[in-house]
Amino acid sequence: MALSIHRRFIVHPYKFNMWIAIVSMVMIFAAFTSAYVVKKGDTSSWEDITLPSIFTTSTIVIVISSVFMHAAYVSFKRNKVQLYRGFITMAFLTGVAFLTMQIQGWNTLMLQGVELKGNVAGSFIYVISGSHFLHVAGGVIALLVFAIKSFTFFKVHDTATMQRYQINVEVMTTYWHFVDFLWVYLYFFFYLNR
Amino acid sequence: MSAETSTHAHHVDTHAHGHDHHDHDHHHEPGFIRKYIFSEDHKTISKQFLITGIFWAIVGGLLSVLFRIQLGYPDADLTWMKPFLGKWISEEGQIVPEFYNALITMHGTILVFFVLTAGLSGTFSNFLIPLMIGARDMASGFLNMLSYWFFFLAGVIMFISFFLATGPASGGWTAYPPLNALHDASQGGVLGVDFWLVSMAVFIVSSLLGSLNYITTIINLRTKGMKMFRMPLPIWAFLLTAVIGVLSFPVLLSAAILLLFDRNLGTSFYLDAINLAGEPLANAGGSPILYQHLFWFLGHPEVYIIILPAMGMVSEILSVHSRKPIFGYTAMIYSLLAITVLSFIVWAHHMFMTGMNPFIGSIFVIFTLIIAVPSAIKVFNWLTTLWRGNIRLNPPMLFAIGFVSLFISGGLTGIFLGNSSIDIRLHDTYFVVAHFHLVMGVAAFFGMFAGVYHWFPKMFGRYMNQTLGYIHFWGTIAAAYLIFFPMHWEIALPRRYYTHSGFEAFSGFEQLNMFISTMAIISFALQLLFVFNFFYSIFFGRKVREMNPYGATTLEWTTPIRPGHGNWEGDIPEVHRWPYDYSKHGRDFIPQTEPLTQYEIEHGEHGDEHDSDIIKSEEHKG
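Going down the list, the sequences are from chains A and B.
FYI, numbering that gives the first Met the number 0 numbers position 17 of the first sequence as 16, with every residue one higher than the one before it.
FYI, numbering that gives the first Met the number 0 numbers position 364 of the second sequence as 363, with every residue one higher than the one before it.
Since the hints were made in silico from the structure, they are not lab data.
Please read all numbers here as calculations on a predicted model, not as lab measurements.
Any given hint might turn out to be false.
[Unchecked claim] Label pairs and their computed distance ranges (CB to CB):
hint	chain 1	residue 1	chain 2	residue 2	range
1	A	Lys116	B	Phe161	52 to 62 Å
2	B	Ile421	A	Thr49	22 to 32 Å
3	B	Ile359	A	Thr49	28 to 38 Å
4	A	Gly137	B	His584	52 to 62 Å
5	A	Val66	B	Met458	23 to 33 Å
Using N, Cα and C, we set each Cβ at its ideal position, and we do this for glycine too.
With the hints as constraints, model all of the structure from the sequences given.
Written as structure tokens, this is what we have:
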């Protein structure tokens, strides 16, 4: 039989899995936004909706969150434990802030008289931003786990384990960048397709 | 850097670093639950998919028997079924119309998604991918396990819907709005459709988890020397099936979410200006056609999700049992790729009759007809593989040949149906039913049977009974043709009708329907024979005594007769050649693990006549 196999991955399987999962998530939102475009084009009953200004703020917050996440990843890689703890916690907190702002945004929409049951333009905004909300919420829960681990994990484990753990941090970073970018896309999409 | 960092999953770990997995595994022999129920071993998960698929196939088949009784024997007295079916059988002993609708809806749903997607792709992708590419397991055993259990949960939800007081979904397996968007438009719509949608959402999660694992495993975990163009054709088929799944299933999820909102939260994505029981509804501004676009963006690729794995396995089985290399290996791969790409740009041929712009219709006609080209290439290559082969007519081979036959018979009518103008006449008739049952229903089943008979020895270490296999094959192919061939004559009969007796135009098909129904019942009974053979052989079948009983070249036959978790004891074999070196240089077969000889030219590489002369003279000396 053959000699022992030393295979070098171009991309680690876990990361590859995440990338393919991202492709399928992209397809979900591609379906939503193309349905939105089709609907907007073929009905006379489309109502233009003013986006609540807090969506602009939340967009800025989620971009900042992405920056924190990246900083956390870089500090992890350079073995700067204190910095990693700080940044990953900040990424988590800004994530929570984003979720709160989204809820406020929906409240504002409600006050404007945009109802879920009302014009389909409004329904789309709720459903699409709601689906995105769930994706971020999943990420925030994961970030919470990472943040807690950043305070407990390091005491217990050696460098080798930490190096293995790095792939998890990387996958998390990829996902977080994705949902952040997704919101930026959706924000501009709503903004340009009112 | 990722090459240096390994992961928690030990199989990935060992693969990445070439540790001796064998030692590693024996430290913790898993208990019963981890070994057979919540297993992360791809082989166990595959068997779970297969057995669950068989369960659903029996349920789905039984439903078709029931509605075929209604169609073929509308006056039969079914009072004896009342103890089982209760109020779904009327006082006069007839199937209630609402139940008939539920039967056809659930038959379609179960067969398309639970049997021919999860049961087929789930079983064989899981089983064959790691074994054929030389991997210890899937990229993520945990996600793989989740994939099965999500499928299981989807099945439980769907199964519960049968016991709702108002019955399961009954608005067609496509769940078109507005019928399926309203609670009060049909009995099945009261709650059944909600169960259907939630079950489908869970199923989609299962399918996505499975697919992304298949892709990652094939791309990342191939053994040394297993280049993409040295992969056996089933692997190519599973890869592209998974790609299609990842791209199309999420769209169905979006469609289902919007439909759930319309049903339960009062939105109007798909609803516009509707009167229900004489009362106008509040909904405005939606479009039911939007749903159809979203649905068929999945729905059409879905038929290739069903048929590609069957195509891949059939290619392999035809080659092994003809003792000949597959004809046109590269053409087979490119035609799979072509089908994959085309599958995404033909969905609207399901919607020719929705009032779409005829110009747009004609574009979809063109793409649809172009699919005939790669399909024909595949058929040609299968037939030429058989041509002058040293054919073994065992059950897997028979089913593989049966697949080709059914695929041709069913595919031909696709050329008629793909034309938008002819579709005006053929739309929603039994001609369509005959077409898709032959080309993707029965054909995919034959691919699946071929796969089960062929890889059963690898799965369970025992053979299935051959005699029962022959009876199963000849009975099933006869019944399949006797059901669906005459059905083409029902070209004027609209499908999905509970009864055709009230219409002068649809009269004259009573005898034919009776014949078809009889054949359907016989066909169902024959499948029970298979089920018996399957379970009996797991425990009492003839034992496999050699590692490579078929004399096949691929890697799964280099594993122990009953491989443990990790598949190979010791190192994973290295691959040196393509998988179809049969009857080469005077040898019956040359395994993929055998290095090329000095003068040998690998398949696909070009050598000159001189080299092959040298080989011949070498052989003479030897």
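Quick rundown of the hints versus the structure:
1. Lys116(A) - Phe161(B): 52 to 62 Å: 32 Å Cβ-Cβ, so the 52 to 62 Å window is violated.
2. Ile421(B) - Thr49(A): 22 to 32 Å: Given a distance of about 50 Å, which is not inside 22 to 32 Å, the answer is violated.
3. Ile359(B) - Thr49(A): 28 to 38 Å: Given a distance of about 34 Å, which is inside 28 to 38 Å, the answer is holds.
4. Gly137(A) - His584(B): 52 to 62 Å: This hint holds: roughly 57 Å between Cβ atoms.
5. Val66(A) - Met458(B): 23 to 33 Å: Violated, at about 51 Å.
In terms of the numbered hints stated before, the structure departs from hints 1, 2 and 5, listed from lowest to highest.
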